[in-house]
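Asks: Here are the chains, one letter per residue:
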Amino acid sequence: DVKVTQSSRYLVKRTGEKVFLECVQDMDHENMFWYRQDPGLGLRLIYFSYDVKMKEKGDIPEGYSVSREKKERFSLILESASTNQTSMYLCASRETRNGEQFFGPGTRLTVL
Amino acid sequence: KQEVTQIPAALSVPEGENLVLNCSFTDSAIYNLQWFRQDPGKGLTSLLLIQSSQREQTSGRLNASLDKSSGRSTLYIAASQPGDSATYLCAVDNAGNMLTFGGGTRLMVKP
Numbered sequence: 001d002v003k004v005t006q007s008s009r010y011l012v013k014r015t016g017e018k019v020f021l022e023c024v025q026d027m028d029h030e031n032m033f034w035y036r037q038d039p040g041l042g043l044r045l046i047y048f049s050y051d052v053k054m055k056e057k058g059d060i061p062e063g064y065s066v067s068r069e070k071k072e073r074f075s076l077i078l079e080s081a082s083t084n085q086t087s088m089y090l091c092a093s094r095e096t097r098n099g100e101q102f103f104g105p106g107t108r109l110t111v112l
Numbered sequence: 113k114q115e116v117t118q119i120p121a122a123l124s125v126p127e128g129e130n131l132v133l134n135c136s137f138t139d140s141a142i143y144n145l146q147w148f149r150q151d152p153g154k155g156l157t158s159l160l161l162i163q164s165s166q167r168e169q170t171s172g173r174l175n176a177s178l179d180k181s182s183g184r185s186t187l188y189i190a191a192s193q194p195g196d197s198a199t200y201l202c203a204v205d206n207a208g209n210m211l212t213f214g215g216g217t218r219l220m221v222k223p
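Protein chains in written order, with my numbering: chain E, 1 to 112; chain R, 113 to 223.
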């Protein structure tokens, strides 16, 4: 079974802090994604990566950066957290063979 | 730009009913379509994946169909159970690796 894990289920941070969210997949998938999910807005793509050290902006990259130093790990970085980044963050990886995406359990981030 | 719509937004049914969830999309040039389940506060669980060349996929009590020409997919749940209560999301892959999600259908199955 594909397994996508995220470093934290819940995080509380203060405005201005640097925040790291980590995601690890165990199926050697090339493509990995970071989404955020908000009530009434649905799931929106922040960034994705199609290989080590490669990244592409999604629909809402402002205020975020990413890092992919190893194939299995994709990190989302909030350089200076703001209250409007309070959200559920979901990581996913994509099966190359058929395009199926698998999601992690999510990180509920609260920025005070 | 692809747009995905799910109707209804919420549905409440008694246990044992068969039900249909609808998903429509505006751009028929899709690579695949995926149905997910999401429990409150949790991540998404993949239920069914339909490739663009396929018409339907089945898993247990779930059956998903795809009609690319009309831009529609349906998720059929047979003999619904209280454990099926969750939000169901459909998502379309337009071969750019990215998924476009619908807003979801919140399902409640009452005992």
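No lab work stands behind these hints: they were computed from the structure.
The structure displayed is predicted, hence computed values, not measured ones.
Mixed in with the good hints there might be a few duds.
[As the list claims (entries may be wrong)] In silico BS3-like pairs for lysine-lysine, Cα to Cα no more than 25 Å straight-line:
#, chain 1, residue 1, chain 2, residue 2
1, E, K71, E, K53
2, R, K113, E, K57
3, E, K71, E, K18
4, R, K222, R, K113
5, E, K70, E, K57
6, R, K222, R, K180
7, R, K113, E, K13
8, E, K3, R, K180
9, R, K113, E, K55
10, E, K57, E, K18
11, E, K55, E, K3
12, E, K71, E, K3
Asks: It remains to establish, for every hint, whether it holds in the given structure.
Replies: Quick rundown of the hints versus the structure:
1. Pair hint K71/E plus K53/E holds up; C-alpha atoms about 9 Å apart against a cutoff of 25 Å.
2. A hinted pair counts as satisfied when its Cα atoms are at most 25 Å apart, and K113/R with K57/E qualifies at roughly 16 Å.
3. At roughly 23 Å between alpha-carbon atoms, K71/E and K18/E fall within 25 Å of each other, so this suggested pair holds.
4. Distance restraint check for K222/R and K113/R: the Cα-Cα separation of roughly 38 Å exceeds the 25 Å cut-off, and the hinted pair is therefore not satisfied.
5. Pair hint K70/E plus K57/E holds up; C-alpha atoms about 19 Å apart against a cutoff of 25 Å.
6. Only pairs whose Cα atoms come within 25 Å are accepted, and K222/R paired with K180/R is rejected, the gap being roughly 33 Å.
7. In summary, the hint linking K113/R to K13/E is not supported, as the alpha carbons are separated by about 35 Å, beyond the 25 Å threshold.
8. Taken as a hint, the K3/E and K180/R pair is broken in the structure, with Cα atoms around 31 Å apart against an allowance of 25 Å.
9. Straight-line distance between C-alpha atoms of K113/R and K55/E comes to about 21 Å, which keeps the hinted pair within the 25 Å bound.
10. Proposed proximity of K57/E and K18/E is supported: the alpha carbons are some 20 Å apart, at most 25 Å.
11. Annotation: proposed proximity of K55/E to K3/E holds, straight-line Cα distance about 22 Å (limit 25 Å).
12. Taking the CA atoms of K71/E and K3/E, the gap is near 14 Å; set against the 25 Å cutoff, the hint holds.
Comparing the model with each earlier hint shows violations of hints 4, 6, 7 and 8; every other hint is respected.
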